[in-house]
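A.B. asks: Residues per chain, in single letters:
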Amino acid sequence: MDLKAQLAQIENLMVDSFAFSFLATELDARSGVGSVVERLRIMGLPESRADDVQIALSEAVNNVVEHAYANATPGNVSIGCNLDAEQLWISIRDAGLPLPKENLAVGKPADLSGPREDLPEGGFGWFLIRELTSDIKYERDNGNNRLSLCFDVSKSCV
Amino acid sequence: MTDSGQIVTVNAERIDAAIAIQFKEDMRTETESGAARVILDLSEVEFIDSSGLGAIVAAMKQLGSSRKLDLAGLSPMVDKVFRLTRMDTVFDLYASLSEATAVNNT
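Chains as they are written, first to last, in this note's numbering: chain X, 1 to 158; chain L, 1 to 106.
Careful: at least some of the hints might be erroneous.
[As the list claims (entries may be wrong)] Going by beta-carbon spacing under 8 Å, a handful of chain X positions derived as facing chain L:
#, residue
1, 55
2, 58
3, 109
4, 110
5, 112
6, 121
Keep in mind that the hints were calculated from the coordinates and are not lab data.
Where a beta carbon is used, it is the ideal one built from N, C-alpha and C, also for glycine.
Next up, chain L with everything else stripped away, as it sits in the complex:
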């Protein structure tokens, strides 16, 4: 936990169909503490598919309406998938984790 929120780091190169369900479950466990703002650090993630995108949306929805999920460290391919699907209008995207934590919007 930092002043700017809880940081959850994804230790995987991909969030795809093969791990989407597991990812959603892990996010539920990780975010149980109830931080108002969760920053998902995607710096290690090089690739995401539509199932992975759906799992991130699901993770955001399971936080409930009073909590926020921000995304940080998007690789070019991950960034592209978010922009093409207009999901960049749903999430706040930060190029790096340090940029995300510099913003204190809890």
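Bound conformation, chain X alone:
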């Protein structure tokens, strides 16, 4: 095995991780998610996957901004990323209101069958997260939420 192949093999065994945190406001969430995705791109996350992460992570962080810290001074959102050759796990932590448990169960697409005036203008977020991830975990611990999203890196699932 030549040096290049050896290095490639070592790289495949390596797990890259980083953490990042920002204030839970719409504008800080926008730049915060952008920074996380940019960093993942630099770490070698394929472009099509980076798009999926940006879509799903934006929805998850928006939920924190709009629901977890609803009626309260916005606190921090902490993002932790763990990337290996096969999977990317992203954890989103906040100290806001707990996630209603049914949210994790719901993965249904919005009902578009009715007349135009009845078309839904929301409720797409969780469906998008479910479609773009391969696994989702949620823990509530000591007043903190921890939502973990898993993305397959080795193959595109959409």
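Since the structure of chain X is provided, determine the placement of chain L on it from the hints.
C.D. replies: For chain L alone, coordinates are given in the frame of chain X:
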């Protein structure tokens, strides 16, 4: 205005939660003229989230049932959000503005 409809260009890289309400209001103002077909040019938009998607649906609904909102110039990420949510079955999507204006379906 062209023969194919009124073109409304979005001068933003994103339609997201931070600007969704403003976008909906701007669309109401822009489409007051009453064109039967409005083409929303999204060529500059690189990213849309569920709030932005909801705002485009709202913009379509506020046109009323006799007017049409078509979407043009969807970037890969915008296109993906429309397809994943099946909104591509609700709107006519065109890869570019010129493709949208080539179709005269007012």
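A.B. asks: Now look at each hint and say whether the structure bears it out.
C.D. replies: Here is how each hint holds up against the structure:
| no. | hint | verdict |
| --- | --- | --- |
| 1 | 55 | holds, 6 Å |
| 2 | 58 | holds, 5 Å |
| 3 | 109 | holds, 6 Å |
| 4 | 110 | holds, 6 Å |
| 5 | 112 | holds, 6 Å |
| 6 | 121 | holds, 4 Å |
In terms of the numbered hints stated before, the structure departs from none.
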